[in-house]
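Q: Protein sequence lines, in the order shown, are assigned to chains R and X. Going by this note's numbering, 12 is the number at position 12 of the first sequence; the sequence numbering is gapless. Positions in the second sequence are counted from 1; adding 167 to them yields this note's numbering.
You may find that some hints are simply not true.
As the list claims (entries may be wrong) - Listed next, with one range per pair, are the computed distances between beta-carbon atoms:
id, chain 1, residue 1, chain 2, residue 2, range
1, R, Q82, X, D178, 23 to 31 Å
2, R, A28, X, E246, 42 to 50 Å
3, R, A28, X, K177, 33 to 41 Å
4, X, H252, R, F113, 25 to 33 Å
5, X, V289, R, E33, 30 to 38 Å
6, R, D35, X, R176, 30 to 38 Å
7, R, E34, X, H252, 51 to 59 Å
8, X, P237, R, R2, 27 to 35 Å
As the list claims (entries may be wrong) - Chain R side only, calculated, beta carbon under 10 Å to chain X, not exhaustive:
id, residue
9, I10
10, V16
11, S20
12, A79
13, Q82
14, E86
15, T87
16, T101
17, N104
18, D105
19, R109
20, V112
Hint data in this document are derived by calculation from the structure and do not stem from the laboratory. Even glycine gets a Cβ: it sits at the ideal position worked out from N, Cα and C.
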Amino acid sequence: MRMELIQPFIDAADAVLSDSLQSPVRIADLAMEEDTYRRKGVAALIAIKGDIEGRIILDLSPEVAVRIATQLSGMEVQATEQVVRETACELANMVIGNSVTLLNDQGFRFKVFPPEIHTSEEGLASSVDTEALVLRLETPCGEVYLNIAMHYLRRRARERDTAPVVS
Amino acid sequence: MAQFAALLRKDNQPVRYLVVDDSVFARKNLMKMIEMFGGEIAGEAGDGLTAIAEFNRTKPDVVLMDITMPQMEGIEAVERIVRQHPHARIVMVSSVGYQENILAALQKGAKHFVQKPVKPEVLYEILRYVLSDDPSAAGAPVGVPVALAGEPRS
Numbered sequence: 001m002r003m004e005l006i007q008p009f010i011d012a013a014d015a016v017l018s019d020s021l022q023s024p025v026r027i028a029d030l031a032m033e034e035d036t037y038r039r040k041g042v043a044a045l046i047a048i049k050g051d052i053e054g055r056i057i058l059d060l061s062p063e064v065a066v067r068i069a070t071q072l073s074g075m076e077v078q079a080t081e082q083v084v085r086e087t088a089c090e091l092a093n094m095v096i097g098n099s100v101t102l103l104n105d106q107g108f109r110f111k112v113f114p115p116e117i118h119t120s121e122e123g124l125a126s127s128v129d130t131e132a133l134v135l136r137l138e139t140p141c142g143e144v145y146l147n148i149a150m151h152y153l154r155r156r157a158r159e160r161d162t163a164p165v166v167s
Numbered sequence: 168m169a170q171f172a173a174l175l176r177k178d179n180q181p182v183r184y185l186v187v188d189d190s191v192f193a194r195k196n197l198m199k200m201i202e203m204f205g206g207e208i209a210g211e212a213g214d215g216l217t218a219i220a221e222f223n224r225t226k227p228d229v230v231l232m233d234i235t236m237p238q239m240e241g242i243e244a245v246e247r248i249v250r251q252h253p254h255a256r257i258v259m260v261s262s263v264g265y266q267e268n269i270l271a272a273l274q275k276g277a278k279h280f281v282q283k284p285v286k287p288e289v290l291y292e293i294l295r296y297v298l299s300d301d302p303s304a305a306g307a308p309v310g311v312p313v314a315l316a317g318e319p320r321s
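With the rest of the complex left out, here is chain R:
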């Protein structure tokens, strides 16, 4: 996967999590994954379509989700399934939204879809043209994983750039 596609996710995850949790976050691990994805806890999936296509999964344990929800809301929250799902979705939304903003600034154009909770044990496997990158972040509330599988559609970008301008 091209570094220019990865770096915005690293930067956004670091900025959003450390800003939201008001504490530094550490990138503990960064690895390419060839095997089929297996979720570690509750996982929110966001699909993107356009010059870049694929999906990003934000994954965290229910316990970590509750600790983050408590931190974000500034009060003790109950450990319900809804709280856990909502936290995963909103974190995914913020991290990925900020990432795609950075990618857009680099000239990539695509559409982001609302987060969905990913419930199956296995996700999308990486393939020749869709590599998966796993980013493990250590936060004060526990570990958060980002699993990024996407590919750059050179043809789509070329078509967009050569399309006649209609006024």
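Add chain X to chain R, keeping to what the hints say.
A: Then chain X, alone, in the frame of chain R:
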């Protein structure tokens, strides 16, 4: 926690807000901030279609509107609301903050944009500006890239 002077309407009543976001979590966070600013929740919605219905029902002073939502996205909802209510005050609240998105929202009639994660002090300043109804008296907008501050709005 930071203290904020209450933002009030010209008749000294609390400002009434409609909060639109598909995330319950995000809505709760925004509603907590609204309380901190002395505001009142007129309604809430999880998608653009419900937002339009809730706007017509509650006639809020300010709408806080997410962009990426199921059924109908925020920018389309802004266009439809402003078509019917040209003076609607709508502030976009989204994590997707690239220029085309912001411009599209402003061109459809949104008054401002704030990127998630939302900082209370940033939202407060934006609301103060939007509620002033006199942009020239409020100084430069807060939270919008400088390049956009002078963009024409249709």
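Q: Each of the hints needs a verdict: does it hold here or not?
A: Here is what the structure says about each hint:
no.: 1; hint: R:Q82 to X:D178: 23 to 31 Å; in the structure: violated, 38 Å
no.: 2; hint: R:A28 to X:E246: 42 to 50 Å; in the structure: holds, 44 Å
no.: 3; hint: R:A28 to X:K177: 33 to 41 Å; in the structure: violated, 53 Å
no.: 4; hint: X:H252 to R:F113: 25 to 33 Å; in the structure: holds, 29 Å
no.: 5; hint: X:V289 to R:E33: 30 to 38 Å; in the structure: holds, 37 Å
no.: 6; hint: R:D35 to X:R176: 30 to 38 Å; in the structure: violated, 58 Å
no.: 7; hint: R:E34 to X:H252: 51 to 59 Å; in the structure: holds, 54 Å
no.: 8; hint: X:P237 to R:R2: 27 to 35 Å; in the structure: holds, 31 Å
no.: 9; hint: I10; in the structure: violated, 16 Å
no.: 10; hint: V16; in the structure: holds, 6 Å
no.: 11; hint: S20; in the structure: holds, 5 Å
no.: 12; hint: A79; in the structure: violated, 14 Å
no.: 13; hint: Q82; in the structure: holds, 7 Å
no.: 14; hint: E86; in the structure: holds, 4 Å
no.: 15; hint: T87; in the structure: holds, 6 Å
no.: 16; hint: T101; in the structure: holds, 5 Å
no.: 17; hint: N104; in the structure: holds, 4 Å
no.: 18; hint: D105; in the structure: holds, 7 Å
no.: 19; hint: R109; in the structure: holds, 8 Å
no.: 20; hint: V112; in the structure: holds, 6 Å
This entry does not satisfy hints 1, 3, 6, 9 and 12, going by the numbered hints stated previously.
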